[in-house]
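Participant: Construct all of the structure, not just a fragment, from the sequences and the given hints.
Below, each chain spelled out in residue letters.
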Amino acid sequence: MIQVEKLQKYFTIHHLNKRLKAIEDISFTVKKGHFLGIVGKSGSGKSTILKSIYGTYQPQAGAIYYESEEFGNINILSATPREMIHLRKYEIGYVSQFLSVMPRTTAFELVEQSALEAGMNSEQAVKEAKETLKHFDLDESLWHNYPNYFSGGEKLRLNIARAVIKKPRLLLLDEPTASLDDASKLKVRESIEKLKQQGTTLIGIFHDLEFMEGLCDEVFTMQKAVVNAVES
Amino acid sequence: MFDKPILQIKNLSKQYGEGCSYCQHENAKLERNFCPVCKTVYACKNISLDLHRGEILGIVGESGSGKSTLMKCLYFDEETTTGEGFLTDYFNGNENIFTQSGQQKRFIRNSLLGMVYQNPMLGLKMDFSSISNIAEKQIAAGNRNVKQMVDRSNALLDKVNISIKRSKEPPKNFSGGMQQRVQIAKALSSNPPILLLDEVTTGLDLSVQAAVLDLIKTIQRVMQISMIVVSHDLAVIRMLADRTVVMLNGQIIEEGLTDQILEDPQHAYTQQLVYSLL
Ligand SMILES: Nc1ncnc2c1ncn2[C@@H]1O[C@H](COP(=O)(O)OP(=O)(O)OP(=O)(O)O)[C@@H](O)[C@H]1O
Ligand SMILES: Nc1ncnc2c1ncn2[C@@H]1O[C@H](COP(=O)(O)OP(=O)(O)O)[C@@H](O)[C@H]1O
Ligand SMILES: [Mg+2]
Ligand SMILES: [Mg+2]
Ligand SMILES: [Zn+2]
Numbered sequence: 001m002i003q004v005e006k007l008q009k010y011f012t013i014h015h016l017n018k019r020l021k022a023i024e025d026i027s028f029t030v031k032k033g034h035f036l037g038i039v040g041k042s043g044s045g046k047s048t049i050l051k052s053i054y055g056t057y058q059p060q061a062g063a064i065y066y067e068s069e070e071f072g073n074i075n076i077l078s079a080t081p082r083e084m085i086h087l088r089k090y091e092i093g094y095v096s097q098f099l100s101v102m103p104r105t106t107a108f109e110l111v112e113q114s115a116l117e118a119g120m121n122s123e124q125a126v127k128e129a130k131e132t133l134k135h136f137d138l139d140e141s142l143w144h145n146y147p148n149y150f151s152g153g154e155k156l157r158l159n160i161a162r163a164v165i166k167k168p169r170l171l172l173l174d175e176p177t178a179s180l181d182d183a184s185k186l187k188v189r190e191s192i193e194k195l196k197q198q199g200t201t202l203i204g205i206f207h208d209l210e211f212m213e214g215l216c217d218e219v220f221t222m223q224k225a226v227v228n229a230v231e232s
Numbered sequence: 001m002f003d004k005p006i007l008q009i010k011n012l013s014k015q016y017g018e019g020c021s022y023c024q025h026e027n028a029k030l031e032r033n034f035c036p037v038c039k040t041v042y043a044c045k046n047i048s049l050d051l052h053r054g055e056i057l058g059i060v061g062e063s064g065s066g067k068s069t070l071m072k073c074l075y076f077d078e079e080t081t082t083g084e085g086f087l088t089d090y091f092n093g094n095e096n097i098f099t100q101s102g103q104q105k106r107f108i109r110n111s112l113l114g115m116v117y118q119n120p121m122l123g124l125k126m127d128f129s130s131i132s133n134i135a136e137k138q139i140a141a142g143n144r145n146v147k148q149m150v151d152r153s154n155a156l157l158d159k160v161n162i163s164i165k166r167s168k169e170p171p172k173n174f175s176g177g178m179q180q181r182v183q184i185a186k187a188l189s190s191n192p193p194i195l196l197l198d199e200v201t202t203g204l205d206l207s208v209q210a211a212v213l214d215l216i217k218t219i220q221r222v223m224q225i226s227m228i229v230v231s232h233d234l235a236v237i238r239m240l241a242d243r244t245v246v247m248l249n250g251q252i253i254e255e256g257l258t259d260q261i262l263e264d265p266q267h268a269y270t271q272q273l274v275y276s277l278l
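Residue numbers (the working numbering), protein chains in the order written: chain A, 1 to 232; chain B, 1 to 278.
Keep in mind the hints are simulated off the structure, nothing from the lab.
List of simulated lysine-lysine pairs, DSSO-like, C-alpha gap at most 27 Å:
# : chain 1 : residue 1 : chain 2 : residue 2
1 : B       : Lys217    : A       : Lys167
2 : A       : Lys130    : B       : Lys217
3 : A       : Lys41     : A       : Lys18
Predicted model only: the values in this text are computed from it and were never measured.
Facilitator: Right, dumping it as structure tokens:
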């Protein structure tokens with residue numbers, strides 16, 4: 001489903017005249033329907049890998065082959081922005097470490113819009129939004145509030161709900177359980193299991209090794225942080 | 001699998017002044033966009049971009065980078081010096097819009113494009129009633145049915161959240177945010193497939209900005225109109241645009257997915273812009 005080959009990403013920081021190496025020579029493969037966990041120290045480049053797969057970062061070398069429903073086998077590093085936008089709408093979901101909210105959009109609208117974007121009709125989107133928010137135990141009194149004011153855990157659950165409602169073929173999870181209590185973690189776990197049953201391929205970063213062990217088919221361990229700044 | 005772009009611009013350039021043997025040289029050193037020898041301003045240089053159906057394209061850049069000039073060239077307010085433009089809704093994208101007759105350009109402008117100017121004074125007749133400002137574009141687009149125009153204008157005022165009771169008032173009575181909303185209503189009135197928005201929220205206070213941005217998002221979602229949104233404010237671009245191009249000294253220096261531009265900017269100037277947002 002996804003094959004990462006010798007991926008390398010550095011950041012050129014112009015005003016410091018520095019080049020910062022974030023990842024180097026990363027290779028792994030994830031089979032369809034499998035769950036790959038990524039573990040490693042802070043700063044070792046875990047998020048950089050996920051953001052490269054999602055097209056937010058542009059790696060300098062290597063390849064990310066993804067078996068797309070629409071485009072067949074495609075190297076994400078050479079996909080056009082239009083292709084990436086399509087993949088994000090219909091195929092690849094991403095749950096970031098932080099919730100990015102749209103100003104003046106309620107929790108319910110956020111989830112509903114995500115469903116509409118994935119092509120559901122409005123009736124279906126409303127129905128699915130309700131079910132998904134219920135599944136993640138987001139209190140109904142919060143549905144029509146602005147998420148800026150939510151607690152960390154509520155934001156995270158909303159963030160996951162927004163990605164999960166699209167039923168993506170590939171879901172990227174960047175520490176989505178970091179600030180959740182055990183009950184909420186269980187909810188996340190349940191929905192990950194459900195996604196797996198539906199055949200979703202997952203790549204996830206979790207602090208909580210115990211949490212991960214039960215879920216992952218494989219674990220990829222980051223080598224020591226490769227980060228070292230070099231003069232460019 | 002993708003449709004042809006709804007708008008395609010190829011190598012658009014706009015210069016103010018004749019140019020000279022110094023600045024016409026390929027590698028001539030300019031002072032920003034300005035020829036130190038003959039004082040010609042190169043406001044837009046070799047701009048190429050595509051706009052797709054239903055998409056919002058962001059254009060960001062500092063003051064003087066050529067954003068408004070580009071919008072004005074597209075809306076035929078300014079004569080384009082060189083370059084080509086193609087609209088899928090105009091002869092199936094087979095005719096360069098910049099070389100059409102005045103009459104054809106008026107047709108394109110009135111029926112296929114909507115414009116919201118940075119300065120409402122450019123887009124509205126400040127002393128005329130708001131409803132006649134909105135109707136003006138419909139008349140220009142060939143509508144002669146008064147009742148239909150009044151109904152449509154009122155519906156649009158309602159859509160942009162201005163009370164129909166105030167439709168007879170001239171825009172000069174309105175606040176800046178309301179004036180921008182009248183401009184949006186006017187731009188939408190001939191149902192164009194493409195909307196050009198130049199700094200619609202600049203100079204408005206924050207809560208009014210938020211309301212105008214909301215309105216734009218809603219219009220895009222509900223009506224599936226394609227838009228080019230120009231702003232020097234990356235926060236506006238982040239909220240609205242799927243893709244973004246960065247302009248500097250009349251040229252495009254970087255383009256990509258909006259989150260890519262914001263999180264992994266390549267060009268030194270884009271990095272500077274992004275750091276100022278953090
Ligand atoms: N009519 C004109 N005659 C001469 N120079 C002009 C004219 N109109 C614009 N320019 C110049 O063209 C360049 C681009 O101006 P433009 O208004 O497009 O900038 P902008 O990117 O919209 O800036 P802002 O963010 O301040 O609105 C500037 O150097 C400007 O001085
Ligand atoms: N957008 C960016 N610009 C500059 N440096 C970055 C950027 N994103 C990540 N880095 C750097 O790359 C390295 C890896 O970061 P990251 O992938 O976030 O690590 P992890 O997720 O494993 O904690 C860090 O040194 C980080 O500072
Ligand atoms: Mg991280
Ligand atoms: Mg301007
Ligand atoms: Zn000159």
